[in-house]
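So the sequences go chain by chain: A and B.
Numbering that gives the first Met the number 0 puts the first residue of the first sequence at 0, with every later residue one more than the last.
Numbering that gives the first Met the number 0 puts the first residue of the second sequence at 0, with every later residue one more than the last.
Just so you know, these hints were derived from the structure itself, not from any lab.
Everything numeric in this text was worked out from a predicted model, so none of it was measured.
Backbone N, C-alpha and C define an ideal beta-carbon position, used for all residues, glycine too.
Some hints could be false.
Unchecked claim - 25 Å max Cα-Cα, derived DSS-like pairs, lysine-lysine:
no.	chain 1	residue 1	chain 2	residue 2
1	A	Lys293	A	Lys113
2	B	Lys158	A	Lys293
3	B	Lys280	A	Lys147
4	A	Lys113	B	Lys280
To be verified - Anything over 12 Å on all C-beta distances counts as not near chain B; from chain A, calculated:
no.	residue
5	Ile58
6	Thr92
7	Gln164
8	Pro270
9	Val355
10	Tyr361
11	Tyr413
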Amino acid sequence: MIFNAKILSQSSFGLTGLWGLSSKASVPFYNYETNTSNFSILNDWGISLTYGAEFSESINSNIYSISLSKTLSDHNLSGRFSPGYQKQFLFSTGEVIVINDTTTQSLNADYTYKELFGLGYSYKFTPQLSAGFTFRFFNQDFNREIVKPVFGDTLYLVRENLNEQINYWKGDLGINFFLNDNFSFSAASINLLNIAEQTENPEFEGYELKYETEALLAGSYTPVEFINLHLMYETSGSFQVSAAGFAAQFVYGLTAFHDKYQSPYFAGIVPAIGYKSKLFEIFLSGVKYFSDRKAEQNFSQFEDEGIHNIINNPYSYDKILLSLSFNIDGSTEQKVKLIDVELVEDIYPTFYDAYVDNPIAYGLAVNLTDEKLTIKPSLKIKDVNEAVIQSPEINIAPFDTVRIPFYIIIPDNYSAGKPVLSYADFYISVTSDETDDQLQKPMLVNGINAWDGKVSNLRYFIKRDVDFSMNYSKKLLSDNKQMLDTLPSALAPFYKAKILFDDFVKRLVYTSDPRATEEYVQFPKQTIDLKGGDCDDLSVCYSSLLESVGIQTALVDYKSNGTFRHVNILFNTGLTPGQASYITNNDTKYFVRKNSSGDDEIWLPVETTSLTNFATGWKIGVEKFNKEAISDLGIATGKVEIIEVY
Amino acid sequence: MEGEFLIEGKSLLSLIIIVYNFNLTKMKNFIINTTLIIIAVIIYGCDKPAPTELINDVSDGEQLEYEILTNDLNENNVSRGTDTSGIMQDFKGLRNIISVSGIKITNQNHTVEFCLAQGFFFDWTQPVYYSNERLLGYKTIIPGIMKFDNNLARIVPYKVRFRDRGEFQDSVLGNKFILYRSKSGVGDPFWFEYGSPVSFEFQPVSGEPVTFDIPTLKEITGTVQLRGNSSDKNLEAVLEWNETEGKRVWLVLGVIRPGQMSSLPVYRFGVKDRNKLIIPKRFFNELQLQNFNKLVFTFIRSIEKMERHGEINLFVSSQNIHSIVIDIP
Numbered sequence: 000m001i002f003n004a005k006i007l008s009q010s011s012f013g014l015t016g017l018w019g020l021s022s023k024a025s026v027p028f029y030n031y032e033t034n035t036s037n038f039s040i041l042n043d044w045g046i047s048l049t050y051g052a053e054f055s056e057s058i059n060s061n062i063y064s065i066s067l068s069k070t071l072s073d074h075n076l077s078g079r080f081s082p083g084y085q086k087q088f089l090f091s092t093g094e095v096i097v098i099n100d101t102t103t104q105s106l107n108a109d110y111t112y113k114e115l116f117g118l119g120y121s122y123k124f125t126p127q128l129s130a131g132f133t134f135r136f137f138n139q140d141f142n143r144e145i146v147k148p149v150f151g152d153t154l155y156l157v158r159e160n161l162n163e164q165i166n167y168w169k170g171d172l173g174i175n176f177f178l179n180d181n182f183s184f185s186a187a188s189i190n191l192l193n194i195a196e197q198t199e200n201p202e203f204e205g206y207e208l209k210y211e212t213e214a215l216l217a218g219s220y221t222p223v224e225f226i227n228l229h230l231m232y233e234t235s236g237s238f239q240v241s242a243a244g245f246a247a248q249f250v251y252g253l254t255a256f257h258d259k260y261q262s263p264y265f266a267g268i269v270p271a272i273g274y275k276s277k278l279f280e281i282f283l284s285g286v287k288y289f290s291d292r293k294a295e296q297n298f299s300q301f302e303d304e305g306i307h308n309i310i311n312n313p314y315s316y317d318k319i320l321l322s323l324s325f326n327i328d329g330s331t332e333q334k335v336k337l338i339d340v341e342l343v344e345d346i347y348p349t350f351y352d353a354y355v356d357n358p359i360a361y362g363l364a365v366n367l368t369d370e371k372l373t374i375k376p377s378l379k380i381k382d383v384n385e386a387v388i389q390s391p392e393i394n395i396a397p398f399d400t401v402r403i404p405f406y407i408i409i410p411d412n413y414s415a416g417k418p419v420l421s422y423a424d425f426y427i428s429v430t431s432d433e434t435d436d437q438l439q440k441p442m443l444v445n446g447i448n449a450w451d452g453k454v455s456n457l458r459y460f461i462k463r464d465v466d467f468s469m470n471y472s473k474k475l476l477s478d479n480k481q482m483l484d485t486l487p488s489a490l491a492p493f494y495k496a497k498i499l500f501d502d503f504v505k506r507l508v509y510t511s512d513p514r515a516t517e518e519y520v521q522f523p524k525q526t527i528d529l530k531g532g533d534c535d536d537l538s539v540c541y542s543s544l545l546e547s548v549g550i551q552t553a554l555v556d557y558k559s560n561g562t563f564r565h566v567n568i569l570f571n572t573g574l575t576p577g578q579a580s581y582i583t584n585n586d587t588k589y590f591v592r593k594n595s596s597g598d599d600e601i602w603l604p605v606e607t608t609s610l611t612n613f614a615t616g617w618k619i620g621v622e623k624f625n626k627e628a629i630s631d632l633g634i635a636t637g638k639v640e641i642i643e644v645y
Numbered sequence: 000m001e002g003e004f005l006i007e008g009k010s011l012l013s014l015i016i017i018v019y020n021f022n023l024t025k026m027k028n029f030i031i032n033t034t035l036i037i038i039a040v041i042i043y044g045c046d047k048p049a050p051t052e053l054i055n056d057v058s059d060g061e062q063l064e065y066e067i068l069t070n071d072l073n074e075n076n077v078s079r080g081t082d083t084s085g086i087m088q089d090f091k092g093l094r095n096i097i098s099v100s101g102i103k104i105t106n107q108n109h110t111v112e113f114c115l116a117q118g119f120f121f122d123w124t125q126p127v128y129y130s131n132e133r134l135l136g137y138k139t140i141i142p143g144i145m146k147f148d149n150n151l152a153r154i155v156p157y158k159v160r161f162r163d164r165g166e167f168q169d170s171v172l173g174n175k176f177i178l179y180r181s182k183s184g185v186g187d188p189f190w191f192e193y194g195s196p197v198s199f200e201f202q203p204v205s206g207e208p209v210t211f212d213i214p215t216l217k218e219i220t221g222t223v224q225l226r227g228n229s230s231d232k233n234l235e236a237v238l239e240w241n242e243t244e245g246k247r248v249w250l251v252l253g254v255i256r257p258g259q260m261s262s263l264p265v266y267r268f269g270v271k272d273r274n275k276l277i278i279p280k281r282f283f284n285e286l287q288l289q290n291f292n293k294l295v296f297t298f299i300r301s302i303e304k305m306e307r308h309g310e311i312n313l314f315v316s317s318q319n320i321h322s323i324v325i326d327i328p
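Put together the whole structure using the sequences plus the hints.
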């Protein structure tokens, strides 16, 4: 057989009518006629079967189609076997053999047009845009009696059967676009690509399915949630209009169609009603023609006009069809949807402890089911976490919306010094092994020295280098062991603090932030190594050294000084007010605080930026503390805040 | 019954899914049941859509008729009936026939034209049979005088040649009326133009004369294109002619033996006057063409009617004929 490009026909009439693309009352995935793009809302596997009866002089029932469809991510594949998509014509050829004066023998023909199977593919580019194609295989089986002379002893005419099978493929493209919840549009070709075998016998020429390359345009409008209106127009002039809707799990639709090759103007209707569950759909549809299809049909019309469509042509009978579809979804059904995620603030890796108690983001999730669910949120930040970090589970009522906190854990070994613009993936799931929904958000992950300006968060810098501080302090104190051993034990904290401070100030100078930013805080080791820092750095460093040897400290946040904010520290001498005279007789040089047991203890303010000696640092610290915190009522008014390190 | 489907009845349409409360954990059962349902549907649904029987609304006169005129290709002459024009015409069932013919014969690109008018009156009381008692025809009689366009028809013997018991026999069945003239002027003083009526008058021996006009048709002119050749058994012919609004044209395919002038008509095709007919190769391949050297394609456009005048009923035939003789390639 020689294949050549030949355009043949099959227009867009579906046995289940015209449906839209929305999820509630949607186009069946097995309806290639009105679904040229092979669009499907299937999540996984779909199997369908259409069985029907045709009302000719008798009632013939048969399988119209069996189809299988599979969705893989954004791809959808399908195949359809369509044994019932056929039309057979029986007729006299209009030729007779004259046997004698009174006897003739008529010749008959049997032409059958079949669509045997089809293949389809579609791809969802975005949730709004999808496109695809279908290829369908047709067969035309022509059988015709012809006159054949036979010469034996005499010449006579006999009838002989002439048969020819003509196959062809038809391919078409389609595209779907969802403008919004109310409007969607489709466009597709009709007879874009046809690969056909040539007709070899002139007797059959002209009887092939008629061809016209056309386009179809379709639009759907949803004026109210439960009603869809559809219009499909072919450039040939044929069109279909339908109204489809749903109530509970029932869907219903009524399609009226105008076919330029049939009369009356509205050639017929396709009513349909169905029931859709998550697992299956059952459709009962019918095709009712307005012209009398049981009336005698003339051969001359068939000879002149042929047919343009196998299942919908002037010779088609009324039908009733039962379509059964199974949606076999191996993947978990989406039960919850993550609508949005709101980030609380950028990530400061050094504040890792803070993130244990404080969410870094809040998500808004909705329960899509009628069941009470437990949502398992989780999060992973690129370049920060190697594994997904689970957040506490949240219960959500049926169809309710809930605000979900997302927590993060910063690994101890995170050490990036520079900020990184990363991505955070937020997940929610109901079962433990499948994600129901996810969202990705860009997120700034600061360097480890970044600080948000809140003095309370300096504690994280104090705690970070505790090993370094401990080694540093113990080494220094061991150098003064002889002196410390001679002191009453009650004075040990005071003198340890003094020794550490005096050593501390000898090594350091006050400098602004090395990177000229207030949001940069050095860890104690960095301060020692760099031999300097600003008030934040020095307070952090001195506090860390004291804490490492068991001396309780607190940060004093002086907020009152306009744009310039200052920090120094208090440390606990462990002395009672009665023992204050061991270190000073001036009761303005210390500050009494109650410990966790309710006992009063002597705390000394120290100005860490006074890098002269302990006595000066104490003196300046006291003066500043007494003035701003006490005399100016800073503590009472909140302008001065004492923040515990631990 | 959770997760199972129950099926009742033998007809597919009576399949009723009773329970569908599906549980994801019973996916296996679901798939098995689904498969069973599909198999059941396939088994029960093995009909196919009803065919449409189209009524061929072509009238009898528009059908394409195929007829064998000569069963025995060894015959050298007509096998039955009576010849009016070199072409077979079957007179069986007729008591009389008045015939006017305009005839063209093209041979080797040379065309001769002539007019022919004839009259036959058959005496059904004197049938003539073959030796096997098959009816050959009837004796003819001359019941008066006959004029065509006021030209008195001559009375000549009515001769037939037929094959009986394998032997060719010549016989005279009586007399007939005839007028004949070629376009070159040879013959009787009788000529008519295509499409113009020919006045006819019959004066019976007793009774009132009968007069009427015999209509003639538009001239028929055919062409024949042969494709292929006989040795390769792929010879076919494309016949075309000047179509008219007339309903019917007869096309006769005949053969001529080497050294003979008369043709042996073999096939007759009755077609709608649509200007074209392709005679497929299968019609030539059975003709034993090696025994013949020429093909004769004859285009015939004719009308026939019964003229009723009192007790005298005359069957009138008017025909235009174009025969084309072509060497067999």
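Which of the listed hints are not met by the structure? 2, 4, 5, 6
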